[in-house]
Amino acid sequence: MKDNFLWVEKYRPKKIAEVLGNEDAKAAFVDWLKSKRRRKKAVLLYGPPGVGKTALVNAASNEFGFTIIEMNASDTRTEKTIMKIAGPATSFVALDKFSTETKGSLLFLDEVDGVFGKEDRGGIGAIIRTVEESLIPVVMAANDPDLQKLRPLKKVCELIRFRQVRLPLLIAMLKRICSMEHVEAEFEALERIAQNSGGDVRSAINDLQSLAEEERVLRLQDTTRLTPRNRNIGMFETLKGVFSARSLGEAATMLNRSNADHDDLLLSISDNLPLRYEDPVDLSVAYDLVSRADVFRGRIGAENWHLLRYFYNFLAEAATVCPQSYRPFEFIFPPIRIITLFWTKSKRMAVDGICAKIGARCHVSRRTAKQEFLPFVKIVLEKEKSNAIASWLRLNTEEIDYLTKMNKF
Amino acid sequence: MVCLNKKSFKLPFVGKDTFLLLMRLGLDYNKGQGSYCIKNCNNIEKLLDTIANILNTEKVTFLQSCVMCGKDFPCTDCRYYDLCATKDLPFRCVCPQCLRNERLYEEHVERN
Chain S
3 MKDNFLWVEK YRPKKIAEVL GNEDAKAAFV DWLKSKRRRK KAVLLYGPPG VGKTALVNAA
63 SNEFGFTIIE MNASDTRTEK TIMKIAGPAT SFVALDKFST ETKGSLLFLD EVDGVFGKED
123 RGGIGAIIRT VEESLIPVVM AANDPDLQKL RPLKKVCELI RFRQVRLPLL IAMLKRICSM
183 EHVEAEFEAL ERIAQNSGGD VRSAINDLQS LAEEERVLRL QDTTRLTPRN RNIGMFETLK
243 GVFSARSLGE AATMLNRSNA DHDDLLLSIS DNLPLRYEDP VDLSVAYDLV SRADVFRGRI
303 GAENWHLLRY FYNFLAEAAT VCPQSYRPFE FIFPPIRIIT LFWTKSKRMA VDGICAKIGA
363 RCHVSRRTAK QEFLPFVKIV LEKEKSNAIA SWLRLNTEEI DYLTKMNKF
Chain H
77 MVCLNKKSFK LPFVGKDTFL LLMRLGLDYN KGQGSYCIKN CNNIEKLLDT IANILNTEKV
137 TFLQSCVMCG KDFPCTDCRY YDLCATKDLP FRCVCPQCLR NERLYEEHVE RN
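Going line by line, the protein sequences match chains S and H. So the number in our numbering is just where the residue sits in the first sequence, counting from 1, plus 2. So the number in our numbering is just where the residue sits in the second sequence, counting from 1, plus 76.
So here's chain H without its partners, still in its complex pose (with noise of 0.2 Å):
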């Protein structure tokens, strides 16, 4: 399994079909630096699965953004991870240290 992250990543070159596939699928691409991010994700498990066969692995997953402090953080590292059902989607969670706030609805509101 390969963790990227979502607002920089590199990937090999691709060849013109492939990159306008990524492109239509919601990747965008900074020529200045080599590298992609995500711009949408209503086509996500589709792009996903598309960079899964460019990095020839089994599995890609993006770094989640924790809703309330903004921190990166992988999947795997939160308690809820066997039991969740809705696994590396959406990008945005609460990291471990966030979940332990006992006010966390009340100031999850208050963020937003």
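Pulled out of the complex, with its shape left as it was, chain S reads as follows (with noise of 0.2 Å):
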């Protein structure tokens, strides 16, 4: 009789040694979970889907005794929920560690980089906090640790990497999974699921479930079925990819396969064109590329993503004006605006304070107090510092001097 069960839920690790791959991040995670003594008390798991960031969380919980909290995706995870159910969870040790079968509780947080949105407003702050204040482990999973969001939860946390699991162990197990539900498979079929899952265990399986639990029988025609999965791949992987493509489909395919932000990646492409071509012909050439990638940028707006191809084709021909000059080069990345941006942050906002007062004293906006009123102030001051028109202004001494010293708004 036919079960019922998907096959990814009934061959789920049990134990630690069933998690394919990963041995280096299996070591650490279970070295950092026998630690009596952690670094820090919070550890995030991240890496593609299906590399088994979870499935090692629950066999190792299951392994060593712990009992787990789990709050996932389809939780509503506001700065409320969080605290309800972590708050108590993370600050009384549990009754049952006293109990010889359990170790105690363990928080688990899967997919913690879905935390987003207005319904889920407060939640990464709430996280922090968990961690800070918890007495017991604290595992997080995430698929992309490098979003803005994170940042601050990266810091708190012991980062462990996850990478798709190697082909050969692919094929070893879906060759396993084939003798245990009595599937007659062609090797060549199991290699171009093991292919097309591009190290995703969980959706070769389901591939396999999809191709052979009916009929029990796998060939390699009945692959042809399979559709290629669209991977998404981050910022780097994108630059490294777009800069040493060696023709200008290779490098549209890497950007149409990219999660990056559209401005990021359009900053970035042309941060880096300096470093990518000596000749300075390749790189007004790309410039001039960039730009026309920007013309597009501006015309998609909010809705006219159907012009989002000319976006791609014009930053892939920017890459590639002379793939074969490429050598491999650092990346400049975050954005230098971006970092600009964040470095005078501070300088911004002193300036922000200066513009509020004397807007409010003339009754002008703070913009036109930049722009009008602040070069003369600062040529006043500059002047005599402690004079009528300052202390008119109710400007303190700091930022008389942030004002005098400043070279430019």
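Certain hints may be false.
[To be verified] Here are the simulated SDA-like pairs of lysine to any residue, each with C-alpha atoms no more than 20 Å apart in a straight line: (1) H:K83 / H:R155; (2) H:K135 / S:F333; (3) S:K156 / H:E134; (4) S:K242 / H:K83; (5) S:K385 / S:R368; (6) S:K177 / H:E182; (7) S:K17 / H:K83; (8) S:K242 / H:K115; (9) H:K122 / S:R165; (10) H:K83 / H:I130; (11) S:K12 / H:K83; (12) S:K17 / H:V185; (13) S:K347 / S:F333; (14) S:K12 / H:M77; (15) S:K16 / H:K122; (16) H:K115 / S:K16; (17) S:K43 / S:E134; (18) S:K242 / H:V78; (19) S:K242 / H:V185; (20) S:K380 / S:I402; (21) S:K16 / H:E182.
Hints listed in this document are in silico derivations from the structure and should not be mistaken for laboratory results.
Each chain sits in its own coordinate frame; assemble them with the hints.
Below you can see the structure in the form of structure tokens.
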């Protein structure tokens, strides 16, 4: 009789040893979990989907006797709900810790990179507070740890990286599932499934089940039904792939697969062009193409997404002006503009504060105060620091010093 | 392409800034032997690019360790080299000899 189980559930690892691949990550996680004096109270497991992050946490807690308190993407993860569930769980030692069968509780927050939007307001802040106050180990899992909103979280966590599972191990596992399920499979068909999954164990097992469950026979021609999976790649991999591409098509494919923000992509490619091209003629051609891509980025706006292909095409062309001249170089990332904004934040805030005071006294907007008043106030103050204007504007000594020393606004 | 052994390899003199960058990216330096080894793989792509820059070569790869027998072997020896989406990384895979093993999965689980 055919069972109704999903094979991914049926063959979910029960022991750490059954989690496929990522031996170094597994060892690092087990060491952290076993350690009595952890350097950091939380650990963030990150990597592409289907490589065993959640499976490892479940298997490890099963093996070491932890009780899992789990919150995943299906739960609403606002500040309130996180504090309601995680707060008591992490601040009190569970009674079952004194039992011989369990080692206590473990808080597992799956897919933390999915904590966003109106529904999950304040979620990341609540998670950080929970980690800082927690008495129990906190484990988190995410696909993309480079997201800006996860940066504060990374500071309080130990990071363990997971990678795609290697092809031979994946094929060996598929072979075993076939023998357990009495599926007669051609070896080449299993190779094709493993290759198509791109190191994602979950999707490989799902593909195998969808192709072989009905007939219990799997031939190579059956795998033609498989559709190639779109893998999202991060900014670093995108830049590397785009700049090292041998052809326009290759670069365009990399851009299509990228999950980086379009504006960041434009800025990053523009920043890295001088490192990529030594020849000024190539560089000028590339910048011309980037400027055209920028035009299309403006035309796309928020709704004309059918123009995205032109944006990608111009960027890909800019990166492949002279493919044969590629030499590896260190990429500039994040974009210089973003870094500059970060470094000048305190300066901008100080100027904003001064402009607000001028605006309030002179009944003008901050912008007008900055453009039309500030340069003259600066000149006046440079001549005499403690004059009547400064006291009338209610500027304090720090602001006066700041104004007189700064070069430009 | 240059293939190195992750447990011990030598680089030419790199200067203070590059040395600090290499350490930050996950290398460790053995002062006695004057050799480097990989301590942390979290920034491995950037590390490989930096080493390729130092050695002035297009690509640097490291030998793979077999998860079954522990033998070091280059990725190019593998029959799946052209099909593999995760070439050269991470540094653990199955060597061509162990690949012939019919009970690969079971033995891998037992070994773990």
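Results for each hint:
Proposed proximity of K83 (chain H) and R155 (chain H) is contradicted: the alpha carbons are some 24 Å apart, above 20 Å. With a C-alpha separation of about 15 Å, the suggested pair K135 (chain H) and F333 (chain S) falls inside the 20 Å cut-off, and the hint holds. Simply put, K156 (chain S) and E134 (chain H) have alpha-carbon atoms about 32 Å apart, too far for the 20 Å limit, and the pair is violated. Between K242 (chain S) and K83 (chain H) the CA atoms are separated by roughly 26 Å; this puts the pair beyond 20 Å, and the hint is violated.
The straight-line distance between the Cα atoms of K385 (chain S) and R368 (chain S) is roughly 24 Å, outside the 20 Å bound, and the hint therefore fails. With a CA separation close to 11 Å, the supplied pair K177 (chain S) and E182 (chain H) stays within the 20 Å bound. Of the pairs offered as hints, the one joining K17 (chain S) and K83 (chain H) is violated, with about 29 Å between alpha carbons and a cut-off of 20 Å exceeded. Proposed proximity of K242 (chain S) and K115 (chain H) is contradicted: the alpha carbons are some 23 Å apart, above 20 Å.
This hinted pair checks out: K122 (chain H) and R165 (chain S) have alpha carbons roughly 15 Å apart, not beyond 20 Å. Note on K83 (chain H) and I130 (chain H): the hinted pairing holds, with a Cα-Cα distance of about 18 Å set against a maximum of 20 Å. With a C-alpha separation of about 38 Å, the suggested pair K12 (chain S) and K83 (chain H) falls outside the 20 Å cut-off, and the hint is violated. At roughly 9 Å between alpha-carbon atoms, K17 (chain S) and V185 (chain H) fall within 20 Å of each other, so this suggested pair holds.
This hinted pair does not check out: K347 (chain S) and F333 (chain S) have alpha carbons roughly 24 Å apart, beyond 20 Å. About 43 Å separates the Cα atoms of K12 (chain S) and M77 (chain H), which puts this hinted pair outside 20 Å; it is violated. With a C-alpha separation of about 35 Å, the suggested pair K16 (chain S) and K122 (chain H) falls outside the 20 Å cut-off, and the hint is violated. Straight-line distance between C-alpha atoms of K115 (chain H) and K16 (chain S) comes to about 30 Å, which puts the hinted pair past the 20 Å bound.
Simply put, K43 (chain S) and E134 (chain S) have alpha-carbon atoms about 7 Å apart, close enough for the 20 Å limit, and the pair holds. For the hint linking K242 (chain S) to V78 (chain H), the alpha-carbon distance of about 18 Å falls within 20 Å, and the restraint holds. Restraint check for K242 (chain S) and V185 (chain H): the C-alpha separation of about 35 Å exceeds 20 Å, so the hint is violated. For the hint pairing K380 (chain S) with I402 (chain S), the CA-to-CA distance comes to about 8 Å; that is within 20 Å, so the pair holds.
Annotation: proposed proximity of K16 (chain S) to E182 (chain H) holds, straight-line Cα distance about 14 Å (limit 20 Å).
In summary, the structure is inconsistent with hints 1, 3, 4, 5, 7, 8, 11, 13, 14, 15, 16 and 19 from the numbered list given earlier, while agreeing with the others.
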